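> Listed below are the residues making up each chain.
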Amino acid sequence: MADKQKLLIVDDHETLRELLKMTLEFSDFDLYEATDAAEALAMVAEIKPDVMILDIMMPGEMDGVELCRRLKANPKTAHIKIILLSAKGQTEDIRIGGEAGADAYFVKPFSPMSLLESIKVQRY
Amino acid sequence: MKQRVKGSFRLKTLSLTFLLFVTFLLVLYFASQKILVNSLSEQFMVQTDSLTELITTTLKPNVLSENLTAVNDAASSILAIEQVDYVQVYSYDDPLVELRSADYPEREFKADRNLMRARDGFFDVVYRFDIEGTTVGKALVSFSIEDERALLLDANRKLATAAIVMTLIALLVTWILAGRIARRIQLLEHASNRFAAGENDVVLPLQGNDEIASTGRAFEQMMWQIREKYEAINLSPDGILLVSSNKRISFTSPALLNILGTGARNLCGKPLREFETLLVSILDKRTHADIRSLDNLIELSDFRVHTPEFKILRCIRKQVDSPDGKTFSEVFYLRDITHESEIDRMKSEFLTTAAHELRTPLASVMGFSELLMMNDYDQEKTRFVAETINRQSQNLKHLVDDLLDIARIEARSDGVLKLEKGDATAVVNECCDLISGGDKQCQLIYQPDEAAWSPIWFDAYKLKQALMNILSNAYKYSQEGGIVIVDTLVQQDEEEGTGWFGIRVSDQGIGMSEEQLAHVGEKFYRADNTGSIPGTGLGMALTSEIISLHSGHMEITSQLGQGTQVTLWIPTADSMVELKAHG
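Protein sequences appear in the order of chains A and B.
So in this note's numbering the end of the first sequence lands on 124, straight run, no missing numbers.
So in this note's numbering the end of the second sequence lands on 583, straight run, no missing numbers.
Extracted from the complex, chain A is given alone in its bound form:
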C-alpha cells in the first residue's frame, strides 16, 4: 500500500475545519490544518501535501483564489489537487476559481459526502 496521502485544510473558521476533519476522518488521509494563506504556504513547503481544501474568504493579504493561483503557478506545487470552498457561488465566481486552476469548487453549504467523493476522484 502506498504512503498515506496528505491533505491540508485551510480555513479561518474553526467549526468548518472541524467539519472537514470529521468528513475526512475515515478516508485515507493524513490531515493537516492552517488558518490562513500565509500559514498554509509555510506548511506546504514543510509537509508537501497532495490535496488541499481552501476556503476562499480568509483574512490577510491573500485569499483562497490567489493562494490557488500561486500554488498552481509554481512547478513544485502545481501537482497538488486543490479544492476551493466558498460562500460565493455565482457563475462568475466559479469561473474565476476555474481560471485560478482549481480542480474542484464547492459552494457553502455543501454536502460532506459530495466533497468526499470529489476527493476520492482527485486522488486517483
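Check the hints yourself; a few may be wrong.
Only pairs whose alpha carbons sit at most 20 Å apart, straight line, appear in this in silico SDA-like list of lysine to any residue [said to hold, decoys possible]:
no.	chain 1	residue 1	chain 2	residue 2
1	A	Lys6	A	Lys88
2	A	Lys21	B	Asn390
3	A	Lys88	A	Gly60
4	A	Lys88	B	His356
5	A	Lys21	B	Ile343
6	A	Lys88	B	Leu396
Chain B side only, calculated, beta carbon under 10 Å to chain A, not exhaustive [claimed, not checked]:
no.	residue
7	Leu79
8	Ile81
9	Glu357
10	Gly367
11	Phe368
12	Glu370
13	Asn375
14	Lys381
15	Val385
16	Arg391
For the record, the hints were derived by calculation from the structure and aren't laboratory data.
Since this is a predicted model, take the numbers as computed values, not measurements.
All C-beta atoms in this analysis are idealised placements derived from N, C-alpha and C, irrespective of residue type, glycine included.
Position chain B against the provided structure of chain A, taking the given hints into account.
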C-alpha cells in the same frame, strides 16, 4: 425718451387722419359751395324778378305795339341797371333792339339755368312775352355776375385756408399723439426683447392709467413670475441647459457647472454640439466606449462619467414648440444620481454580504447533520456534533434577528421610538442581571451613583438591546473571570448648553487595535474572525443605530491587550437637543 420711433403705427395713424380730413373737407367744400351758390342765386333771382316786373311793364307793351322808340328807351333803362350788360329785344323772331355796355365782350348768348355754370362771367336770361300761350316776343338779357363770382372765390379761398390750417394742425396733433403711443408700445417691445435675451433687471418706465400702462404692469407681473421660476431653476441642484431654435445654448443653470465640472463654464452662447462634445469627453470609456452622440447618451438614461471625479448622471431632453409650431427649443436636464446609485449598490452589497454570512453557519448545520446521518459515532462525538449544530443554529438565529432589526431600523418603519421620559435605572439593572446569568463568568461590578443620574427620553426596549450588545461584547472579549464595570456619568457641554447622560461599560479584555477601532460599527465587521468568539458582527451597527435614534452618540476607547470602554451618551431630558424621533 430719445429713442427713434420707427414703425408704421405712426404713419398709419397719420395717413388715416389725413384721409379722414381730406374726405371731410371735400364734403365740407361741396356743401359750402352748394350753400353759397344757393344763397347767391337767391339774391340774384330777387334781382331778376324785379327786372321781370320792369320788362313786363315797359318793354312788353311796346314790343307788342311795335313802338321802336319806346322799346329803345325801355331797353336803355334796362341796360342802365347795374349788372345788366346786354339787352336784345325780339318781336316774334325778329330782332328789334340790341344794346350792349362798353365792356361787354363778343360772346354767344346762352340761356343759363345755373348761376355757376356761367363760366364767362355772364348770366343769360330769356324773358318771353306770351299772349295766351303764344310767344310774341322775347328779351335777351345778360347779367354780369363778376361780383358774385368774386364773392364766391373769396369765400372759397377763405375756406381753403381754414381747411389747410385745420388739416395741418390735425396732422401735427396726430403725429405727436401717435408718436407717444408708439413710443410707449416700443418700450414694451424693447423690454420684452431684453428680458427674453436674458437680462434680469429690465425696468418698464410706464406711467399712467391707460391700457398701455396696464399692459406694461401686466408685463412686469409676468416678468416677476418668470424671475421666480428662474430663481427656482438656479437653486436646483440639478443642471439645466436650454437650447434655442437655432441650436445655440441660451442658458445654463449654475448647478450644471457643479455637475459637469469646469468644461461647462462657457457653454452659454455656444452651439449645442459643444455640449455634446463635452459630455462624450467625460464619459467613462470602459463602460461607454461606443457612445458618440447626445441621442445615444439620452437613450442610455444613466451613464458614468469622470469629471474627473466619478459620477453617475442622468440626462433627460424635452422639446418645447414655438408659438407658431414651426420650430422648437430644447430643455436638457442633468441629474447627479451617483448618491442614489451608490445607496442602491450599498444596499445590494449589504444583502449579498448578509446572505453569505448565513452560509457559513448553515454549512456547519448541513454538513454535521449529514455526517450524523451517514456515520455512526460514539456518544461523545455525537454530543459534540449535536452541540455544534445547535450552536451554529443559534448563530443563524441571531443573524436573522439582527438582520430583521436593521431592516426595520433602516426602513424607519420602526423608527418611531416609544419614548418615555425618566431615568433608565431599570434598564441598566435588567441588563446587568441578564448578562450575569450567561455562559461566561465575569465579574460584573455595577455601582449606581445617585449623583450620576439624569432623566432622559428613551425607548426602554431598544435601549436595553443596545446596552446588552455592549455588555455582551465586553464579556465576549474578556478572559474568563475578567472584570466588567458598569457605571453612569452626567456631563454638561458648556458651549452648546446641552446635558448628556452616559452609560459606560469597561472591560479588561483583549481590547482593539487602532485599525479595529476604526471599523467598529461597520456591518459584519468582526474584530475576531476566527469563529471562536460568537457573534454576527451586526451588534455594534445596531447599537450605533439605536443610540443615533436617541439623538445620542457612542464613545469608544480601547487599548490593545488591556481593555475597552464604551460609553452610550444620550441627551438629558431638559437639554435643548432636538430629538430625531418622537413617540
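> Quick check: which numbered hints come out false for this structure?
Structure breaks hints 1, 5, 7 and 8.
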